[in-house]
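For the record, the sequence lines run as chains A and B. Each number in my numbering corresponds to the 1-based position in the first sequence with 50 added. Each number in my numbering corresponds to the 1-based position in the second sequence with 3 added.
Note that these hints are calculated values from the structure, not bench results. Do not rely on the hints blindly, as some may be mistaken.
Said to hold, decoys possible - Below, a list of computed lysine-lysine pairs in the DSSO-like style, where the Cα atoms sit at most 30 Å apart: (1) A/Lys-276 <-> B/Lys-298; (2) A/Lys-324 <-> B/Lys-298; (3) A/Lys-103 <-> A/Lys-173; (4) A/Lys-324 <-> B/Lys-212; (5) A/Lys-279 <-> B/Lys-298; (6) B/Lys-356 <-> A/Lys-274; (7) A/Lys-324 <-> B/Lys-204; (8) B/Lys-212 <-> A/Lys-327; (9) B/Lys-204 <-> B/Lys-121; (10) B/Lys-329 <-> B/Lys-49.
Stated by the list, open to error - Coverage of chain B stretches by chain A, computed from C-beta distances (three or more under 8 Å per stretch; other residues unrestricted): (11) 200-211; (12) 364-377.
For glycine and all other residues, C-beta sits at the position ideal for the given N, C-alpha and C.
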Amino acid sequence: MQTLKSGIFFYVCCQVVWLLNINIDIMRLRLLSLLSVLFVAFGASAQGARDFKINEIYIADPADTSGIGYKDEYGESGSWIEVANTSYTTRDIRSCYLTNNRAVLNKELSAPERISMMSLIPKGDVRTNLTAKQRITFFADGHVNRGTLHTDFVLEAGKENFIALYDGNGVTLLDSVTVPVLPAGCSYARIYDADTEEYVWVKAQPDEVTPDAPNEVSNATDDKVKQFKDNDPYGIAMTVMSMAVVFSCLLLLYIFFHVFGWIINRMTMLSRVKAIKKIHESAAKVVVMAKDGAETKGIEMENYVAAIAMALHEYQGYTHDVESGVLTIRHEHSAWDSKDHGLRQQPVHHPVNTHN
Amino acid sequence: MESVSTMDFIATKFADFLTYTGFANVEWPNLAMIVVGAFFIWLAIKKDFEPLLLIPIGLGIILGNIPFKAAGLEIGLYEDNSVLNIFYQGVRQGWYPPLVFLGIGAMTDFSALIANPKLMLVGAAAQFGIFGAYIIALALGFEPNQAAGIAIIGGADGPTAIFLSSKLSPNLMGAIAVCAYSYMALVPVIQPFIMRALTTKKERLIRMKPSRTVSQTEKILFPIVGLLITTFIVPSGLPLLGMLFFGNLLKESTKTTRLAKTAGSALNDIIVMLLGLTVGCSTQASEFLTLDTVKIFALGAFAFIIATASGVLFVKFFNLFLPQNKKINPLIGNAGVSAVPMAARISNQEGLKADRTNFLLMHAMGPNVAGVIGSAVAAGVLLGFLS
Numbered sequence: 051m052q053t054l055k056s057g058i059f060f061y062v063c064c065q066v067v068w069l070l071n072i073n074i075d076i077m078r079l080r081l082l083s084l085l086s087v088l089f090v091a092f093g094a095s096a097q098g099a100r101d102f103k104i105n106e107i108y109i110a111d112p113a114d115t116s117g118i119g120y121k122d123e124y125g126e127s128g129s130w131i132e133v134a135n136t137s138y139t140t141r142d143i144r145s146c147y148l149t150n151n152r153a154v155l156n157k158e159l160s161a162p163e164r165i166s167m168m169s170l171i172p173k174g175d176v177r178t179n180l181t182a183k184q185r186i187t188f189f190a191d192g193h194v195n196r197g198t199l200h201t202d203f204v205l206e207a208g209k210e211n212f213i214a215l216y217d218g219n220g221v222t223l224l225d226s227v228t229v230p231v232l233p234a235g236c237s238y239a240r241i242y243d244a245d246t247e248e249y250v251w252v253k254a255q256p257d258e259v260t261p262d263a264p265n266e267v268s269n270a271t272d273d274k275v276k277q278f279k280d281n282d283p284y285g286i287a288m289t290v291m292s293m294a295v296v297f298s299c300l301l302l303l304y305i306f307f308h309v310f311g312w313i314i315n316r317m318t319m320l321s322r323v324k325a326i327k328k329i330h331e332s333a334a335k336v337v338v339m340a341k342d343g344a345e346t347k348g349i350e351m352e353n354y355v356a357a358i359a360m361a362l363h364e365y366q367g368y369t370h371d372v373e374s375g376v377l378t379i380r381h382e383h384s385a386w387d388s389k390d391h392g393l394r395q396q397p398v399h400h401p402v403n404t405h406n
Numbered sequence: 004m005e006s007v008s009t010m011d012f013i014a015t016k017f018a019d020f021l022t023y024t025g026f027a028n029v030e031w032p033n034l035a036m037i038v039v040g041a042f043f044i045w046l047a048i049k050k051d052f053e054p055l056l057l058i059p060i061g062l063g064i065i066l067g068n069i070p071f072k073a074a075g076l077e078i079g080l081y082e083d084n085s086v087l088n089i090f091y092q093g094v095r096q097g098w099y100p101p102l103v104f105l106g107i108g109a110m111t112d113f114s115a116l117i118a119n120p121k122l123m124l125v126g127a128a129a130q131f132g133i134f135g136a137y138i139i140a141l142a143l144g145f146e147p148n149q150a151a152g153i154a155i156i157g158g159a160d161g162p163t164a165i166f167l168s169s170k171l172s173p174n175l176m177g178a179i180a181v182c183a184y185s186y187m188a189l190v191p192v193i194q195p196f197i198m199r200a201l202t203t204k205k206e207r208l209i210r211m212k213p214s215r216t217v218s219q220t221e222k223i224l225f226p227i228v229g230l231l232i233t234t235f236i237v238p239s240g241l242p243l244l245g246m247l248f249f250g251n252l253l254k255e256s257t258k259t260t261r262l263a264k265t266a267g268s269a270l271n272d273i274i275v276m277l278l279g280l281t282v283g284c285s286t287q288a289s290e291f292l293t294l295d296t297v298k299i300f301a302l303g304a305f306a307f308i309i310a311t312a313s314g315v316l317f318v319k320f321f322n323l324f325l326p327q328n329k330k331i332n333p334l335i336g337n338a339g340v341s342a343v344p345m346a347a348r349i350s351n352q353e354g355l356k357a358d359r360t361n362f363l364l365m366h367a368m369g370p371n372v373a374g375v376i377g378s379a380v381a382a383g384v385l386l387g388f389l390s
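For reference, chain A alone in the conformation it holds in the complex:
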């Protein structure tokens, strides 16, 4: 949102500059500012909120007064909703909304109407800034005045509960889940199913309930290392696969530059052949003209001289077909012509008074 505001501010500034008719390349600046607004606007709509997923839900039984369970800042345990940042980037979940009201799915509702049915995750708490793969747990206890981590709704045991997570605009649904009736002490957790290669919701047993922690104890790196250790103890498979990849990379580069080099050579050759043909044609013309001139015994000699000069010019021109024929002095950058330095006052020449 901040970047969007900055973009709009920049655009407005550009319009002001335009109105004041300040001597700047207006079209370019306006185009740039418009692009920047579009860029930041797209950036704003892709701030990464979609990386937040509802990760685990625990619904406490009000009849259970044992006090065992995940406790809030006040030492009270109850129902909770765990949300995970599934990305490898730090994301802030502030300004997003949680709700258990299924009515928010009604597309006829306006954003303010929908927001009125949802519980805001407030700003100003560092805990909402989630690092890569971090999780945050909200207590669904209806005591929103207890702090950032409390919602204004409660989850009810013994029945299905709908939970949705909305982006800060109150329109974009980030994630939702319907929690079935759960046995006492169990949670509803989102885990990765290696068979289907998708995340699925499962009932987690009481000893598998993991607030503020991953739902599965797994380390991808360790898994990969273990797989190689078990299946490729001598490193043969690794060697074959890796060398194949290295060779294919460099082989592709070889093929590309071999073909491209051939094309460049061919083009150079063709231009040379063309130049030689031109030279031959010019030379033939000169020979004809010279003979013709001798036969005419000097009559209209100026024309022949001009034609020979033209032929020589062509000859010289085509023999240097590689060069552009334009003499240039390459511009070398120095601080003297730098735009940054140009903002300073330019040195003024004062004639030296030699009489003093």
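Chain A is already provided as a structure; the job is to place chain B on it using the hints.
Chain B in isolation, oriented as in the chain A frame:
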């Protein structure tokens, strides 16, 4: 509070101070490492072995082995918030190596490779040193991720070795980095013997045709196409390959000469200084003087030997399919490792020993720079498989 006399106070504080000194905390391993550091400096100054690397590393080894009392003074390399620890994050987090690659890209002329692109395959073949060492490391009982970190020494590329080991086997990174740089400095000692042993006199006399002139368009296209091809196949090599080709584009575009100059000189020098110093510092005796380090040094030597041999043998094999006038001198096979330009200089020297008029330097630069790309790709592959 009970007051003490001034003399007692001074005596107490002075005695306390003495417990902080290096003399009070020194152990034999520290002294041994200080001697190693001094030896590196001697090699660099007296023998001219890679002074730009060995002097920072040598002094770093001394610096990292100055004994002190662990009293939370925030001075040691491994202590959070110490200055050295902040410098060390560049190694630990792996952002020095890509910056070094930026400098390498800005300094490298790929013309020799573009003019004779089949030399890329020599650069690829020499990477077998990495995987040969990987096989041996597994046989010695290292875990696959540790073996990969150690094996990358065979690429003869210090930044790549640091990058990969920081990701896969951070506990071995100090030993791997010092080993990689040490062997790079020892390329003139290791390679010639293998090159001579694997080639005949007749092969060493092969003259290669001069390379064609490479157009500016090809030079500009090389980093772009190279980046696209390599990173599409091995995205995990993106930090190294991206910066390498970025640096080269800065150079070859001819429009960003200032940036290329900075990347190849001032920036590169700064990073090399910090990298060398902190890598040296990371070899604290307690971490470094272990049996694993001895194994790593032995494996590093094997990796270099295998890489050199595979490059030379591949050229000989390749020559079987090439017409007589396009044969490659196998003495440039050693340059498939990415020790630029040292390996290419060795090819040239050996070529001149066989024939005083046969200059192989420019031909050897082809596989040499291909080796830089090849080792970065190999590192990306290992990272992709094991990370």
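Taking the hints in turn, this is what the structure says about them:
no.	hint	verdict
1	A/Lys-276 <-> B/Lys-298	holds, 22 Å
2	A/Lys-324 <-> B/Lys-298	violated, 65 Å
3	A/Lys-103 <-> A/Lys-173	holds, 19 Å
4	A/Lys-324 <-> B/Lys-212	holds, 27 Å
5	A/Lys-279 <-> B/Lys-298	holds, 19 Å
6	B/Lys-356 <-> A/Lys-274	violated, 48 Å
7	A/Lys-324 <-> B/Lys-204	violated, 45 Å
8	B/Lys-212 <-> A/Lys-327	holds, 29 Å
9	B/Lys-204 <-> B/Lys-121	holds, 24 Å
10	B/Lys-329 <-> B/Lys-49	violated, 41 Å
11	200-211	violated (count 0)
12	364-377	holds (count 3)
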